[in-house]
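Visitor: Taking the hints into account, I'd like the entire structure generated from these sequences.
The listed protein sequences derive, respectively, from chains E and P. full-length UniProt numbering numbers the first residue of the first sequence as 1 and each following residue consecutively. full-length UniProt numbering numbers the first residue of the second sequence as 1 and each following residue consecutively.
Some hints could be false.
Put simply, identical chains are the same to the list, so a pair is met inside one copy or across any two.
Unchecked claim - With a straight-line Cα cutoff of 25 Å, these simulated DSS-like cross-link-like pairs (lysine-lysine) come out:
| hint | residue 1 | residue 2 |
| --- | --- | --- |
| 1 | K358 | K346 |
| 2 | K339 | K58 |
| 3 | K90 | K101 |
| 4 | K412 | K101 |
| 5 | K431 | K455 |
| 6 | K339 | K351 |
| 7 | K136 | K25 |
| 8 | K323 | K346 |
| 9 | K237 | K358 |
| 10 | K339 | K431 |
| 11 | K455 | K346 |
| 12 | K346 | K60 |
| 13 | K237 | K60 |
| 14 | K25 | K60 |
| 15 | K459 | K431 |
| 16 | K90 | K192 |
| 17 | K431 | K237 |
For the record, the hints were derived by calculation from the structure and aren't laboratory data.
2 protein chains.
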Amino acid sequence: MAKELKELTSKDANYAQWYQDLVIKAGLAENSAVRGCMVIKPYGYAIWERMQRILDDKFKETGHENAYFPLLIPKSFLSREADHVEGFAKECAVVTHYRLKNAPDGSGVVVDPAARLEEELIIRPTSETIIWNTYKNWIQSYRDLPILVNQWANVMRWEMRTRLFLRTAEFLWQEGHTAHATREEAEEEAIKMQGVYADFAENYMAVPVIRGVKTASERFAGAVETYTIEAMMQDGKALQAGTSHFLGQNFGRAFDVTFIDRNGKTDYAWASSWGVSTRLVGALIMAHSDNNGLVLPPHLAPVQVVIIPIYRSAEQLAAISEKVDRIAARLRELGVRVKFDSDDTKKPGWKFAEYELKGVPVRLAMGGRDLENDTVEIMRRDTLEKETRPCAGLEEYVRDLLEEIQSGIFRKALDHRARRTVRVDTYDEFKERIEEGLFIMAHWDGTPETEERVKNETKATIRCIPLDTADAEPGRCMVTGRPSARRVLFARAY
Amino acid sequence: MAKELKELTSKDANYAQWYQDLVIKAGLAENSAVRGCMVIKPYGYAIWERMQRILDDKFKETGHENAYFPLLIPKSFLSREADHVEGFAKECAVVTHYRLKNAPDGSGVVVDPAARLEEELIIRPTSETIIWNTYKNWIQSYRDLPILVNQWANVMRWEMRTRLFLRTAEFLWQEGHTAHATREEAEEEAIKMQGVYADFAENYMAVPVIRGVKTASERFAGAVETYTIEAMMQDGKALQAGTSHFLGQNFGRAFDVTFIDRNGKTDYAWASSWGVSTRLVGALIMAHSDNNGLVLPPHLAPVQVVIIPIYRSAEQLAAISEKVDRIAARLRELGVRVKFDSDDTKKPGWKFAEYELKGVPVRLAMGGRDLENDTVEIMRRDTLEKETRPCAGLEEYVRDLLEEIQSGIFRKALDHRARRTVRVDTYDEFKERIEEGLFIMAHWDGTPETEERVKNETKATIRCIPLDTADAEPGRCMVTGRPSARRVLFARAY
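Guide: Quick look at the structure:
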């Protein structure tokens, strides 16, 4: 087994360190010279590209178009929406000058004080303000609505404590920004996109999610309602995997975006916004991977099947290659992403470890005996199970196996979550059990004070008020004993 | 004809205004609240997305992978390569602070002076420096080479005079950054990517280009050689449509990126970089469009065929729709991007003008008489020619017509360039004829002084020293009479 692989910290010994090691050793990302900003390496970016392509198709299927808005936002825009400025204007990158000049002492370049901007510009932490300032010119009448626009972009939030993919100062994301003529339509849009995200998480990432709404204190700054999908990581902590916001008329009002409705009446436009980011790559890793490396769901794996030849002579390699080329061609016809690794400078054992580390879902190996018997050895990455099968019908078998792995990974994550989700009725029990790394369904009196107290005392937050009705019976708050309409989801979170 | 269309300035009256009007009225882009930064609207972005998809496929076919590097670059990085800093460090957006705070007087937010960065950060004008600083950790041995990486990103250069798509402070682009073990390989890479760009320009954008190398004074800051493709716009001016740079060991040296070669010797890595940007959308518009609006080459048109029903009753529309649905389905099977516009609120005449403005290559119209005769009216956007054809075999006809339009547009641009390219031997004739808007092939003595003089006196620059041998015979410089190895391409440029 390769040296690097051996050095992967064990998940149980130190989950955080295991994650960090894995991201680095699998070649997904690394820290850069700029504090808090990561370099996304080719293999990590290939996963993000797969995510992008699938999500982009889904956005277009649901009627959205892409556009692009400026990176920089005039400082004053942020102050236009009162809640928004509190949430976003504080920790952000501020552009104050537009020119450097040679240092008088010849030591490189310095800021030219004469090139100070009249108004400072902020690198977008999110684009509601600049976009709604633009929509003002696009919207006059109900005939101009809805506007269904998405943008793929980089954004920046000056985070103090960062972690590759999960929390970085700069990250990549998509942000949808829609404008509507009615409240109902805007709310429907927000709920629809939460559904798109949930579908993507479950059917592509193989990560089961709980759909719900955020409490007032966890809402997006400027939103009337925030819809979320919450996933459980292997350590029992929650990760917010995507959010979708019903913004009411808050941005319409802040940027004076009015329209004439069907009845000739003037009203402010209604808004939604929604986004997912490169954080999803972190979620993908933490949801499925193991001590041997990544476990990638086939629907997102850049390489789904790797084929490795095991040979003693050039003739043997030629014979194997001939066979493999046919198998690979047929797999590609079936839509499978295949790589034949015949690199001469690396030993099969090294390759086995490498592709395990990289989470390739299926490995095929063909050696001298396989050649004689017309067979191939198949290993599935999720269970590490091996079997030897005849070459006849292999391609269809592998295609089906990929689907089986996809659903197997999902089922495993679902079982894991089921085992680690409990109902708790007293605050004492809650404080004890939250240490185990659980999703806890408990009653809450609906006040921000109680929510805050639980957070301060246990580091657990209300991840969401779930949309499903399984825990919708009324009860009494575990902390205050006051009436509660339904149980909500508490967990510690990334 | 629609009101907006009539208001398009005529190309001959004012080419610059015609361009500006067209970009706005066709819904491609508009200026934003941030000086010099544009909003790329959905239709403009759809064209850019088509370009991206095609180029990205070509980059991958030639062995490149995508990655992502930080937006912000430490100020000191720019000074590491002496020429580079001169070219790029001057007009750029400088981040000096990382926090805002509430203004003491309650009037919004102000920069928090306590949150000053120790070292200022620059929004990338191009990423050689941050990338080579990263490559230092990726490269130890010749086995780690080549590195063939591309990134799709936004960049920023604080331009004083901006123009939608052609020159904006922020723009979108791709930048390839490769590292090699030998000089030959790095040079080959730069030339290969110039070829990829030329192929894209000619076969997708339908824009003929001249391949060449830049003179020393027009080279990329930090390059040993800059390869360029130069296109002629309809007004006879040149537009640099893509560049590819052989960077020698300049960045390897500046960032101390060394490797052990096959013989155990340590050497600096060799580099290339190459990029094209949203500027190409501007080139596309200026190369082909006319006084009726855009003319888009079918290979890049977001919608290739629009079908418009002309009807007097709901029954007639239903009958047309049934027929059109079959035609549209069959066209999609043939890989054609079709839109059926049955929007009830717009008249056919309005739609005709709208899709002409938007440059949809083929328009099909079906009315009552067509229904009776089983025919359809076809108009091609490039020539505005109309014909009526039977529905039988229509789809194959349209598919082939799209290819004919593609090559027709290219041929037209090629003829235009041929007519406006001349050889000139005296500086007097040069000064006269450059006013006509021409590509002028003339002899030059190879000195930056002569080049500068021509630029100052005529606003014409040497666009490139062409790679082809048509004008490779020696002669005498038109300005100084000194010996010249070959004619070079002079033109005024965007």
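Visitor: Against this structure, judge whether each hint is valid.
Guide: These are the hints, each one checked on the structure:
1. Only within a single protomer do K358 and K346 lie at most 25 Å apart by alpha-carbon distance; the minimum there is 16 Å, versus 54 Å between protomers.
2. Taking CA atoms no more than 25 Å apart as the test, K339 paired with K58 passes between copies only; the shortest distance there is 19 Å, against 27 Å inside one copy.
3. Taking the shortest Cα distances, K90 and K101 sit within 25 Å of each other only across copies (6 Å), while inside one copy they are farther apart (29 Å).
4. Taking the shortest Cα distances, K412 and K101 never come within 25 Å of each other, neither inside one copy (58 Å) nor across copies (47 Å).
5. Proximity of K431 to K455 under the C-alpha cut-off of 25 Å is restricted to the intra-copy arrangement: shortest distance 11 Å within a copy versus 77 Å between copies.
6. Proximity of K339 and K351 under a CA criterion of 25 Å is satisfied intra-copy only: 12 Å inside one chain copy versus 49 Å between copies.
7. For the identical chains of this complex, K136 and K25 are inter-copy neighbours only, at 17 Å across copies versus 48 Å inside a copy, given an alpha-carbon limit of 25 Å.
8. For the identical chains of this complex, K323 and K346 are intra-copy neighbours only, at 21 Å inside a copy versus 60 Å across copies, given an alpha-carbon limit of 25 Å.
9. Taking CA atoms no more than 25 Å apart as the test, K237 paired with K358 passes inside one copy only; the shortest distance there is 24 Å, against 51 Å between copies.
10. Taking the shortest alpha-carbon separations for K339 and K431, neither the intra-copy value of 49 Å nor the inter-copy value of 59 Å comes in at or below 25 Å.
11. Neither within a single protomer nor between protomers do K455 and K346 lie at most 25 Å apart by alpha-carbon distance, with minima of 51 Å and 56 Å respectively.
12. Proximity of K346 and K60 under a CA criterion of 25 Å is satisfied inter-copy only: 24 Å between copies versus 43 Å inside one chain copy.
13. Taking the closest pair of Cα atoms, K237 and K60 never come within 25 Å of each other, the shortest separation being 33 Å inside a single copy and 38 Å across copies.
14. In this assembly of identical chains, K25 and K60 lie within 25 Å of each other by CA distance solely across copies; the values are 24 Å between and 35 Å within a copy.
15. Taking the closest pair of Cα atoms, K459 and K431 come within 25 Å of each other only inside a single copy of the chain (10 Å); across copies the shortest separation is 76 Å, beyond that limit.
16. In the homo-oligomer, the alpha carbons of K90 and K192 never lie at most 25 Å apart, since the shortest distance is 31 Å inside one protomer and 47 Å across protomers.
17. When the C-alpha separation of K431 and K237 is checked against a cutoff of 25 Å, the pair qualifies only within one copy, where the shortest distance is 15 Å, while the shortest distance between copies is 73 Å.
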